[in-house]
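Residue strings, one per chain:
There are 4 protein chains.
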Amino acid sequence: MTEIEIGRGKRARTAYGLDDVDIVPTRRTRDPEVVSVHWQIDAYRFDIPILAAPMDSVVSPATAIAIGRLGGLGVLNLEGLWTRYDDPAPLLARIAELPPGDVTPTLQQLYAEPIREELIKARIAEIRDGGVTVAAALSPARTAQFAQTVVDAGVDLFVIRGTTVSAQHVSPAGAPEPLNLKDFIYQLDVPVVVGGCASYQAALHLMRTGAAGVLVGFGGGAAHTTRDVLGIRVPMASAIADVAAARRDYLDESGGRYVHVIADGSVGRSGDVPKAIACGADAVMLGSPLARATDAPGRGTHWGIEAVHSELPRGDRVVLGTVGTTEQILLGPSRTADGTMNLVGALRRAMATTGYSDLKEFQRVEVVVDTSR
Amino acid sequence: MTEIEIGRGKRARTAYGLDDVDIVPTRRTRDPEVVSVHWQIDAYRFDIPILAAPMDSVVSPATAIAIGRLGGLGVLNLEGLWTRYDDPAPLLARIAELPPGDVTPTLQQLYAEPIREELIKARIAEIRDGGVTVAAALSPARTAQFAQTVVDAGVDLFVIRGTTVSAQHVSPAGAPEPLNLKDFIYQLDVPVVVGGCASYQAALHLMRTGAAGVLVGFGGGAAHTTRDVLGIRVPMASAIADVAAARRDYLDESGGRYVHVIADGSVGRSGDVPKAIACGADAVMLGSPLARATDAPGRGTHWGIEAVHSELPRGDRVVLGTVGTTEQILLGPSRTADGTMNLVGALRRAMATTGYSDLKEFQRVEVVVDTSR
Amino acid sequence: MTEIEIGRGKRARTAYGLDDVDIVPTRRTRDPEVVSVHWQIDAYRFDIPILAAPMDSVVSPATAIAIGRLGGLGVLNLEGLWTRYDDPAPLLARIAELPPGDVTPTLQQLYAEPIREELIKARIAEIRDGGVTVAAALSPARTAQFAQTVVDAGVDLFVIRGTTVSAQHVSPAGAPEPLNLKDFIYQLDVPVVVGGCASYQAALHLMRTGAAGVLVGFGGGAAHTTRDVLGIRVPMASAIADVAAARRDYLDESGGRYVHVIADGSVGRSGDVPKAIACGADAVMLGSPLARATDAPGRGTHWGIEAVHSELPRGDRVVLGTVGTTEQILLGPSRTADGTMNLVGALRRAMATTGYSDLKEFQRVEVVVDTSR
Amino acid sequence: MTEIEIGRGKRARTAYGLDDVDIVPTRRTRDPEVVSVHWQIDAYRFDIPILAAPMDSVVSPATAIAIGRLGGLGVLNLEGLWTRYDDPAPLLARIAELPPGDVTPTLQQLYAEPIREELIKARIAEIRDGGVTVAAALSPARTAQFAQTVVDAGVDLFVIRGTTVSAQHVSPAGAPEPLNLKDFIYQLDVPVVVGGCASYQAALHLMRTGAAGVLVGFGGGAAHTTRDVLGIRVPMASAIADVAAARRDYLDESGGRYVHVIADGSVGRSGDVPKAIACGADAVMLGSPLARATDAPGRGTHWGIEAVHSELPRGDRVVLGTVGTTEQILLGPSRTADGTMNLVGALRRAMATTGYSDLKEFQRVEVVVDTSR
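Chains as they are written, first to last, in this note's numbering: chain A, 1 to 373; chain B, 1001 to 1373; chain C, 2001 to 2373; chain D, 3001 to 3373.
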């Protein structure tokens, strides 16, 4: 990033979002059919480089199975309604219908219900019975408490996800010892994906904990207001490019460990998927695009775990509407021209149109910063 | 373009659209009457440097003739309604009246009808009988199949136009051999215009195929959503300037072949025509400005061939309304002050006001990047 | 201006508008009462550095007198309704009431009426009888024809004003010899103000014709669409700064001739007046701010001479509404906080707040480019 | 700030607002509970680094006491309604209900009432009786007249606040001697906070007068139109960074005097508080966020002292609505996700999330310039 002077006492780099950049075709083109978009992390191979974000509006046990069968990976939020209530269906229906002024207090109240271990087990078992790779997410604060239950229940990929997750968390004296990520990951039998992070240094330290993948981003999603509330944000294109540089340097430093970079948030339309990869991502974690599915739990509405905080909510429930099934959104065919359907077809075509045949090569495609938007 | 760092792992140049730039007058002025705006490509001379884009809302055989008689060149889309149906008139009327939600599925269905060779012949013959230069367009995928028919039918200028056309297309093993542009153009008896392209390298390789002209751009037009769907775009001012540099370098490399640079898309108001030329274009290909003609086939609505894709539509039907006849839009007089009428009069006056007397000289006029919009 | 590369084939400088810049206070402040805002051009001294633009919505003989008595200078357009009709009052009323769709054709028709020499004489005489400095404007194309009449009628300051006026105008062979500005100004007995221009070179050449002042700008006014129609524009802050540099260099080259730089257009709110002077202007020519006067001829509507062109209108009639009398707009007191009233009071306070006591010094005040708007 | 050329005759630095910057997390995180946000100026210690601006819509004697008890500091405007009227309550109610067109004239009339010394004494006594630190503000023009009354009444912190306050004010010959800030502050028994200022030089000179703190900013607040009316502004992020550099240099020059930098204006949402501190502020002075309190005197409306100027009003009464009590706005819990509640909780969390434990350290947190907004 180019560094400028904000004032005599402060310097800053300039950072760019996915909407600031465009992909530039090269002198070569391909047929979309010869393009591969498969992605592999640890022992798990996926036909498409798309993860569904652990948000109650996006991933239920049923949609986790459906997305897995379509070639992607649905990540269940283990601190959401599915582990607090026996039957979240009526609550999801109620949230979708709430008038705007009632949303935040109602979410705060619904998510105040305690998390139940037996529901964690049941939900993971349900996904496992669906025959797909099982991934589930906890926040750093609750990871120590529930991790063993989660592993015992048979999770394949363990996701630790918070607004910001660091390799070095400081707690007050006398408080319970905070999660030591490095020890935790070392002792765990399953691969761990951890984030968000958004800078070279933060990512490098997360990589050193032994994580198989890092989530890039915070505060950029359609339903988040982290920037307004906390002032914290790193525009996604720059965040990915910084973290991808950490991946490269850590690959060298570790003598060959390739830590996957997963863009989490700010990927709103199909064109953002190739842009994220062009900036250096290996895969993308989607929220709002999948919340538009007719079979998504949010019924056309969307919110994240930040929205339910009891003291400082940092997200809202947004109304997106629906455009088609999860399958149509991921694999097409598309019946609209606005980038909400056939995300994988769009990725294939973007790669074909610019002459690339696999995701790793496509990270090198030229981009421009577009001032004309 | 100025290169900046998006993040540690990615660099990019900054790119500008026509709306980002302004033309700066010099110390000299002229009368508009002494300004020449004629343009010549291969053996064909045109009074005005304006091509009508091969879009069904803009070019029918009748409007191709009308535009030719006004001094320009209408390019017929040979994969549109005119080569799929005996009488597209009722379909055009229907498309113009479609409610927004029905547009994409209806276009997908209407354009699923097969292309008929005898209609290709008939449409070209009809334009030829109008006594004007005949130009018609195919996509790269269909060029091999229909090219001989087109040439035999008597086309003067052959246009190969796709979202991105490259000199080197890779197809899957076992698939039919892709179009080898260089061989194809070499064997063809008529001059070929080919595109879109948007970068120096891509344009240079297209020029080396023997094309008489290249189309600059993709995804910038009023009816396209390529940027949203694929993430691909190069803002037009920068794209033209890059391709114009390729023209200059190829002129040297080839010992004197001047390949014409035609800006295709993003030219929405009369002021964009001189801007495109100021950035280095020899001529402009217009869509939406001509779709506003009372005699245009689209009846005040406008869509491109990208909008009809069966799996991944990348354009919409936009409603523009009408402002006057094709003649009034091209040659005036204007009855509005919004840049929608008398495009050629505006070009003449822009050149006169800045002291230039022909298009080639005018490519050197000073421009500024305007931060005040 | 900082030069950047638009693409390989084109470079450009970055240009800034008045809205892009802010004035920065220094370490000193003053009382507004000790600030002088007087301005002198040739033998004529004005209490306030404000000219009213030669537009029919702003300057009638009556308002020219009123503005003169308030310390400014009203410039009458000699090609407007006042020199085409005995009594423009009913036409002005009609224009103010026109529905939007009828404006351009009606203006084209009303201004097609011929200009009458006896009305030129009568209007100038009327202003002269008001006891104020008399200034009147012609376009370059009509200057030769009517100049003697204007001078004989007793004008004090002669204004030649067009979209772009150059020192070197080229006409077709066989056409009447174009106006040679240098000869014309040399032979004229009264000082000449000429423009618009917007670049260092163009301004320097205009200064060399012997003009007492140059008008900076074109296409920036509230009622103009020159940028949309012709693609021509230079943002005002950069234009003023460039022309002010020409003033300084010409002062040296000529051994002491100080040519006044008058910002014409883009000065919409009171805060734009000190900004224009901060960028290097000696005075400002106002349109829309004065058209908001209850006693302005436009009755709360506003249009320029560009709007009436028979072939290529480049402006519209805009509806501004009224805020107070011309006196209140210029000298206050203000009853609104939006920068539409007490323009001179605002200028005084801006100078006082930043510690400056006269206009010439104030041209040195620090400005910043403001990215936060 | 990066310097660019506006035109040949003028250079400028680029300046950034709080909305242009984002805070970037580091590789470390903390619990919000271990974060300290206390602030101390002179002998006065505050639990939270928040001052309430001396605006009648924000600070009454009652709210000054309430804010003081919550750990902040309410500054009473001694030139507002509370020192002109025995009972401002009905006037505040009336202002809140005024239709837009009547606001400015009514404010001008209400604030034309004379200031009464006995009311100054009474208001200060009332706050003092509340058991909190007492702070009150005068403009530079009235400081000499009322200062002794204010000090005698028992103010703890004396605030001199104007659009721009300089260390060197020039008055007309024959006028009363202007306030000599340095002498005044030297002789005063209480610490003085003075501003606004917005540049390194201006701030450095104010620091040399002996002030305990300087206010950064003018024209940036929600209810101000200084930029539109006067053309004067410095975007807040750059202003703070410049003044923070002056603090550092003055600390060295003075052999250890630390002058507090207080951002005044442009802090509209909770995320702006950590941003202001990240740019170098020690504390923030809030207007509109506190005017949204149900117990604020403005009843959901908001205006500043600039809005009441008799000749040149430079602010408006804006309607903000209410979101909760002053306590909820400052300390939470929040019931909205838009950054209007729990400002201190948001500051704590922003610091915790980026790994900082006190305000002084947090001034070093990395920020980026965000082009993606």
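By construction, these hints were calculated from the structure, which means they are not laboratory data. Each hint should be verified, as a subset may be incorrect.
Said to hold, decoys possible - Pulled a few chain D residues facing chain A out of the computed Cβ check, cut under 7 Å:
| no. | residue |
| --- | --- |
| 1 | Y3016 |
| 2 | L3091 |
| 3 | A3144 |
| 4 | A3147 |
| 5 | A3237 |
| 6 | A3244 |
| 7 | C3279 |
| 8 | L3331 |
| 9 | R3335 |
| 10 | T3336 |
| 11 | G3339 |
| 12 | K3360 |
| 13 | R3364 |
As the list claims (entries may be wrong) - What follows is a set of in silico ranges between Cβ atoms, one per label pair, in the way DEER data are often shown:
| no. | chain 1 | residue 1 | chain 2 | residue 2 | range |
| --- | --- | --- | --- | --- | --- |
| 14 | C | R2069 | D | K3182 | 27 to 35 Å |
| 15 | A | S310 | D | G3256 | 54 to 62 Å |
| 16 | B | V1151 | A | G256 | 41 to 49 Å |
| 17 | A | Q148 | C | I2004 | 53 to 61 Å |
| 18 | A | I4 | D | P3172 | 14 to 22 Å |
| 19 | A | A96 | B | D1249 | 36 to 44 Å |
Backbone N, C-alpha and C fix where the C-beta goes; we use that ideal spot for every residue, glycine too.
To see whether the hints hold, each was checked on the structure:
1. The interface hint given for Y3016/D holds, since its Cβ lies 5 Å from the closest Cβ of chain A, which is under the 7 Å cut-off.
2. Interface hint status for L3091/D: violated, as the beta-carbon distance to the closest one in chain A is roughly 31 Å, over 7 Å.
3. The restraint placing A3144/D at the interface with chain A is violated, with a minimum CB-CB distance near 33 Å, outside the 7 Å limit.
4. A cut of 7 Å between beta carbons decides the hint on A3147/D: the least distance to chain A is about 32 Å, and the hint is violated.
5. Residue-level restraint check for A3237/D holds (minimum Cβ-Cβ distance to chain A is 5 Å; threshold 7 Å).
6. With a least beta-carbon distance of about 4 Å to chain A, the hint placing A3244/D at the interface is held under the 7 Å criterion.
7. Below 7 Å, beta-carbon pairs count as interface contacts, and C3279/D has one with chain A at about 5 Å; its hint therefore holds.
8. Hint on L3331/D is violated. Least Cβ distance to chain A is approximately 9 Å, over the 7 Å limit.
9. The beta carbon of R3335/D comes within 6 Å of a beta carbon in chain A, closer than 7 Å, and the hint placing it at the interface holds.
10. The restraint placing T3336/D at the interface with chain A holds, with a minimum CB-CB distance near 6 Å, inside the 7 Å limit.
11. With 7 Å as the threshold, the beta carbon of G3339/D comes within range of chain A, its nearest partner Cβ sitting at about 4 Å, so the hint holds.
12. Below 7 Å, beta-carbon pairs count as interface contacts, and K3360/D has none with chain A, the closest being about 13 Å; its hint is therefore violated.
13. Below 7 Å, beta-carbon pairs count as interface contacts, and R3364/D has none with chain A, the closest being about 9 Å; its hint is therefore violated.
14. At about 45 Å, the CB distance of R2069/C to K3182/D disagrees with the hint of 27 to 35 Å.
15. Between S310/A and G3256/D the CB atoms are about 44 Å apart, so this pair departs from the stated range of 54 to 62 Å.
16. A C-beta distance of roughly 57 Å is found between V1151/B and G256/A, which places it outside the suggested range of 41 to 49 Å.
17. Under the hint 53 to 61 Å, the C-beta atoms of Q148/A and I2004/C, about 58 Å apart, fit the expected range.
18. In this structure, I4/A and P3172/D break the distance hint of 14 to 22 Å, their C-beta atoms being roughly 42 Å apart.
19. Take A96/A and D1249/B: their Cβ atoms lie about 59 Å apart, and the range 36 to 44 Å is violated.
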